[in-house]
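Sequences and hints are given; from them, build the entire structure.
Heads up, the sequence shown is in numbering that gives the first Met the number 0, so the first residue is 0 and it goes up one at a time.
No lab work stands behind these hints: they were computed from the structure.
All residues carry an ideal CB built from backbone N, CA and C; glycine is no exception.
Hints should not be assumed to be uniformly reliable.
Derived lysine to aspartate or glutamate pairs resembling DMTMM-like cross-links, with alpha carbons at most 20 Å apart [stated by the list, open to error]:
#	residue 1	residue 2
1	LYS236	ASP259
2	LYS45	ASP315
3	LYS236	ASP249
4	LYS241	ASP259
5	LYS236	ASP253
6	LYS150	ASP25
7	LYS150	ASP279
8	LYS150	GLU26
9	LYS45	GLU33
10	LYS150	ASP23
11	LYS150	GLU36
Here are the in silico distance ranges between beta carbons for each label pair [as the list claims (entries may be wrong)]:
#	residue 1	residue 2	range
12	LEU183	VAL282	15 to 25 Å
13	GLU286	HIS48	35 to 45 Å
14	ILE363	PRO343	15 to 25 Å
15	ALA326	ARG9	43 to 53 Å
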Amino acid sequence: MTSAHTTTRRYVRYSDDLERPFPDEDELVRQIVEAMESANRQVAAKHRHGLRDAHAKSHGVVAGELRIQPDLPEHLAQGLFATGRTYPVIVRFSTAPGDLRSDQVPVQRGMAIKVIGVDGPRAVDDGLATQDFLLVNHPTLPFGTIGEYAKLQKLLEQQPRQSDQQLQVTGLAARTAARVLGQLGRPLPPAIETLAAANNHILGETFHSMAAIRYGEHVAKISAAPRTANVRALTGKPVRRKDGESALRDLVADFFTGQDAQYDVRAQLCVDVDRMPIEDASVPWPESLSPHQVVAVLHLPAQDPYSDARRRYADDVLSFNPWHALAAHRPLGSIMRSRRTAYPRSSDFRHHVNGIDHHEPSHIEELPA
Numbered sequence: 000m001t002s003a004h005t006t007t008r009r010y011v012r013y014s015d016d017l018e019r020p021f022p023d024e025d026e027l028v029r030q031i032v033e034a035m036e037s038a039n040r041q042v043a044a045k046h047r048h049g050l051r052d053a054h055a056k057s058h059g060v061v062a063g064e065l066r067i068q069p070d071l072p073e074h075l076a077q078g079l080f081a082t083g084r085t086y087p088v089i090v091r092f093s094t095a096p097g098d099l100r101s102d103q104v105p106v107q108r109g110m111a112i113k114v115i116g117v118d119g120p121r122a123v124d125d126g127l128a129t130q131d132f133l134l135v136n137h138p139t140l141p142f143g144t145i146g147e148y149a150k151l152q153k154l155l156e157q158q159p160r161q162s163d164q165q166l167q168v169t170g171l172a173a174r175t176a177a178r179v180l181g182q183l184g185r186p187l188p189p190a191i192e193t194l195a196a197a198n199n200h201i202l203g204e205t206f207h208s209m210a211a212i213r214y215g216e217h218v219a220k221i222s223a224a225p226r227t228a229n230v231r232a233l234t235g236k237p238v239r240r241k242d243g244e245s246a247l248r249d250l251v252a253d254f255f256t257g258q259d260a261q262y263d264v265r266a267q268l269c270v271d272v273d274r275m276p277i278e279d280a281s282v283p284w285p286e287s288l289s290p291h292q293v294v295a296v297l298h299l300p301a302q303d304p305y306s307d308a309r310r311r312y313a314d315d316v317l318s319f320n321p322w323h324a325l326a327a328h329r330p331l332g333s334i335m336r337s338r339r340t341a342y343p344r345s346s347d348f349r350h351h352v353n354g355i356d357h358h359e360p361s362h363i364e365e366l367p368a
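Following this line, the structure appears as structure tokens:
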């Protein structure tokens, strides 16, 4: 973490003209939403229940607190993080596909954080008082522009027709290719990078926003990294085959039966829009240019993280959306702009199919025990 004496002058100042519309962006968004809805319909027909188009399978839903660090330096004391206060949060751990896959399939995992009781001007005029951070255990999005993302959605449209065994074989081939290319010093094609995930304990992962957001007067990516020794001990711990198709749910439940977890919530501020691009989420932001800086601690106490009532509430009632946000943390870049349309459409489909009204919590007590 850098010194509190670091000046704000080295950080890129936010302005509306930092974003650059992608060619044919509106048409690409239409194609993405169309492919997403096709996959949604296939999955809903398969399960006779509407699921999220991404991160459909949850592994634990946890009530906790986001404790903003006091006396942050000016460049970090922005937006939600401007003052050292504590907010209630709901955290949902999940798996990336928009279908209910075996936990033995090694794919990307997610941590969605819903901060409750957030006041201030909104990124969109939604009348809400929540701030969502959607994080994944990979620092970049291999299909990092809306043009590439449209291709990804076409691939994802085919996944509901693939078996878990097919996906496991594909993942093994991708990991082998990634290892060979890494030894040769060659970059990974986006498809291989996406499919080459390891299958480790979800609580030990470090989670990233992948795409940029506004950070008050600046621009940043957000991440959450294990803080306490008991969580760090889970980093890289493989999921065992004998633990079955719901291994991650069981691991999360076992952990929170008697332990607390803490994560450092960090901001990596943009210092160079050419080397740390906003419009291409596939490009890693070098830590040598701008390190991750701790701005808050996510505290998750021991609890039952997966009661039936809690699972139903988180999976069927709640929506997590990067545009549930303060204006000070407006999502940035073409991928994020596409989500402004895609996420509400997916949420509306899921709630309509299941005959359930969407509800955004205003108090942590609304999360069932």
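(request) Assess, step by step, whether the Cα of LYS150 is no farther than 20 Å from the Cα of ASP23, and give holds or violated. (result) 14 Å, holds
(request) Check the following: the C-beta atoms of LEU183 and VAL282 are separated by a distance inside 15 to 25 Å. (result) Roughly 21 Å apart at Cβ, these two residues keep to the hinted range, so it holds.
(request) Using the Cβ atoms, figure out if ILE363 sits within 15 to 25 Å of PRO343. (result) Check passed, 24 Å falls within 15 to 25 Å.
(message) So if I understand the rule, the pair passes when the alpha-carbon distance is 20 Å or less; does LYS150 with GLU36 pass?
(response) 15 Å, holds
(message) Given the hint of 43 to 53 Å, is the C-beta distance from ALA326 to ARG9 inside that range or not?
(response) 24 Å, violated
(request) For the pair supplied as a hint, LYS150 and ASP279, confirm whether the alpha-carbon distance does not exceed 20 Å. (result) Distance ~15 Å between LYS150 and ASP279 Cα, so the pair holds.
(message) Next pair to validate is LYS45 with GLU33; report whether the Cα-Cα distance is within 20 Å.
(response) Distance ~19 Å between LYS45 and GLU33 Cα, so the pair holds.
(message) Please verify whether LYS241 and ASP259 have alpha carbons no more than 20 Å apart.
(response) 26 Å, violated
(message) Check the hint pairing LYS150 with GLU26 against an upper bound of 20 Å on the C-alpha distance.
(response) Status holds; Cα separation ~13 Å.
(message) For a C-alpha distance cap of 20 Å, please report whether LYS150 and ASP25 respect it.
(response) Judged against 20 Å, a Cα distance of about 15 Å means the pair holds.
(message) For a C-alpha distance cap of 20 Å, please report whether LYS236 and ASP253 respect it.
(response) 15 Å, holds
(request) Mind checking the alpha carbons of LYS45 and ASP315 for me, to see if they're no more than 20 Å apart? (result) Holds: LYS45 and ASP315 sit about 17 Å apart, inside 20 Å.
In summary, the numbered hints that this structure violates are 4, 15.
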